[in-house]
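Undergrad: Chain by chain, the residues:
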Amino acid sequence: MTDSVQVELILRDGGEFIPAILHRGLRPEDLSLIEREWGPARNQVFQDLLSIQVPRSEWPESLHWNWETKAPQLRLLDSKGIGVQCEGKWQGAALTSTEPHVARLEEGRKPLVYVDYIEIAPRNWKVRALGQQGRFRGVGSLILKEIVAQSFEQGFQGRVGLHSLPQSELFYRQVCGMTALSRERHHQDLLYLELSRDGARAFLN
Amino acid sequence: MSQREPETTADREWLLKMAEAEDRCESISVGGLASQLGMLCSRGDQEPPLVFSRLIEWTLDARGLSVQELAEKGKVDLTIREGDESTFPTCQMVVQLARALNFDAEKLLELSGVVPIRDASLSRAAAQFTAESGTSGEKREAYEQLVRALDLPPDKP
Numbered sequence: 001m002t003d004s005v006q007v008e009l010i011l012r013d014g015g016e017f018i019p020a021i022l023h024r025g026l027r028p029e030d031l032s033l034i035e036r037e038w039g040p041a042r043n044q045v046f047q048d049l050l051s052i053q054v055p056r057s058e059w060p061e062s063l064h065w066n067w068e069t070k071a072p073q074l075r076l077l078d079s080k081g082i083g084v085q086c087e088g089k090w091q092g093a094a095l096t097s098t099e100p101h102v103a104r105l106e107e108g109r110k111p112l113v114y115v116d117y118i119e120i121a122p123r124n125w126k127v128r129a130l131g132q133q134g135r136f137r138g139v140g141s142l143i144l145k146e147i148v149a150q151s152f153e154q155g156f157q158g159r160v161g162l163h164s165l166p167q168s169e170l171f172y173r174q175v176c177g178m179t180a181l182s183r184e185r186h187h188q189d190l191l192y193l194e195l196s197r198d199g200a201r202a203f204l205n
Numbered sequence: 001m002s003q004r005e006p007e008t009t010a011d012r013e014w015l016l017k018m019a020e021a022e023d024r025c026e027s028i029s030v031g032g033l034a035s036q037l038g039m040l041c042s043r044g045d046q047e048p049p050l051v052f053s054r055l056i057e058w059t060l061d062a063r064g065l066s067v068q069e070l071a072e073k074g075k076v077d078l079t080i081r082e083g084d085e086s087t088f089p090t091c092q093m094v095v096q097l098a099r100a101l102n103f104d105a106e107k108l109l110e111l112s113g114v115v116p117i118r119d120a121s122l123s124r125a126a127a128q129f130t131a132e133s134g135t136s137g138e139k140r141e142a143y144e145q146l147v148r149a150l151d152l153p154p155d156k157p
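These protein sequence lines are chains A and B, in that order. One point on numbering: in my numbering, the residue at position 134 of the first sequence is 134, and numbering is uninterrupted. One point on numbering: in my numbering, the residue at position 8 of the second sequence is 8, and numbering is uninterrupted.
Think of the hints as simulated: they come from the structure by calculation, not from any bench. Backbone N, C-alpha and C define an ideal beta-carbon position, used for all residues, glycine too. Please note that a few of the clues may not be correct.
Said to hold, decoys possible - Per the computed footprint, the stretches of chain B lying under chain A, defined by three or more beta-carbons under 8 Å from a beta-carbon of chain A, are: (1) 20 to 31; (2) 91 to 99; (3) 137 to 143.
Said to hold, decoys possible - Calculated pairs, DSS-like style, for lysine-lysine (alpha carbon to alpha carbon, straight line, at most 25 Å): (4) K145(A) to K110(A); (5) K126(A) to K17(B); (6) K145(A) to K89(A); (7) K145(A) to K75(B).
Extracted from the complex, chain A is given alone in its bound form:
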């Protein structure tokens, strides 16, 4: 870890603001350590969904992710990471990179921060079929806020791009105000979205 700041998350049960730590220096390989904490919770959700025969289309789309098995590939990545810890546990994490990504919304191949990955801890998932609401609220927004802030710090004027999972498209389009640009075959038809300079300012306000 190279840098961390104090932030807050909202406890769903009661709405209290709880102190949390946002770490800025996560390395890609740290995801495999986070996975050791998240893996058992993923498996529990998986088993619960199976036991009541919830259709696969209703499962959280990142339910089967296992970053521990990808440790060798993660070590080769040139990405930077962000993680949020609260109550001594990881509540969410993200990886970002800049090269070789450029903005598509604006002319002139302007640089942007590309989000390789964002996920929140399984304990914070809302799983309707199981009646699970998630312990903390606002984890995703807090992480994206930090990414937008980093884009400003790097002189990219808030420009951010990412490939959203289908279940998350609503969040990035409507809540974050990102522009949907294309579904991409080389990313298994995931939707690519971008946050413009103006969009970034609106998102932060």
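With chain A fixed as given, assemble chain B onto it according to the hints.
TA: Chain B only, in chain A's frame:
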């Protein structure tokens, strides 16, 4: 830890507003890296992995069962309807097959391609079983190894 101003009322109001909006959405996951590393779920319009269909064939043969007997035992509809080009097994079908064959449902789901394989030893056993080369004895051994990887542990009836 870096010094930063304590959270202001504006910060809290922003987070509350965003949390409310976030609550109306199903998820916030970003999948660029997961797609790059082949971690996204298989889609229903793809073929199931060869290993799954071959495993079922070998298991029927080893246990002297017909497809119809398996369908009855597992209470699962294995008929392929005319015009239905999707041969991808559904989650429910795989779970029923696992029960009928006394296999671990989670591992069979991984092997069927419904969810990607998480278990490294299962992945190795599947790769050995589908390898083109090898004597019939080696293939039999690879099958038995795969079945051992799929067998229900004693404490998981």
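Undergrad: Against each hint, give a clear statement of whether it holds in the structure.
TA: Structure-based check of each hint:
no. : hint               : verdict
1   : 20 to 31           : holds (count 11)
2   : 91 to 99           : holds (count 3)
3   : 137 to 143         : violated (count 0)
4   : K145(A) to K110(A) : holds, 20 Å
5   : K126(A) to K17(B)  : holds, 18 Å
6   : K145(A) to K89(A)  : holds, 20 Å
7   : K145(A) to K75(B)  : violated, 51 Å
Hint compliance for this structure: hints 3, 7 are broken, all remaining hints hold.
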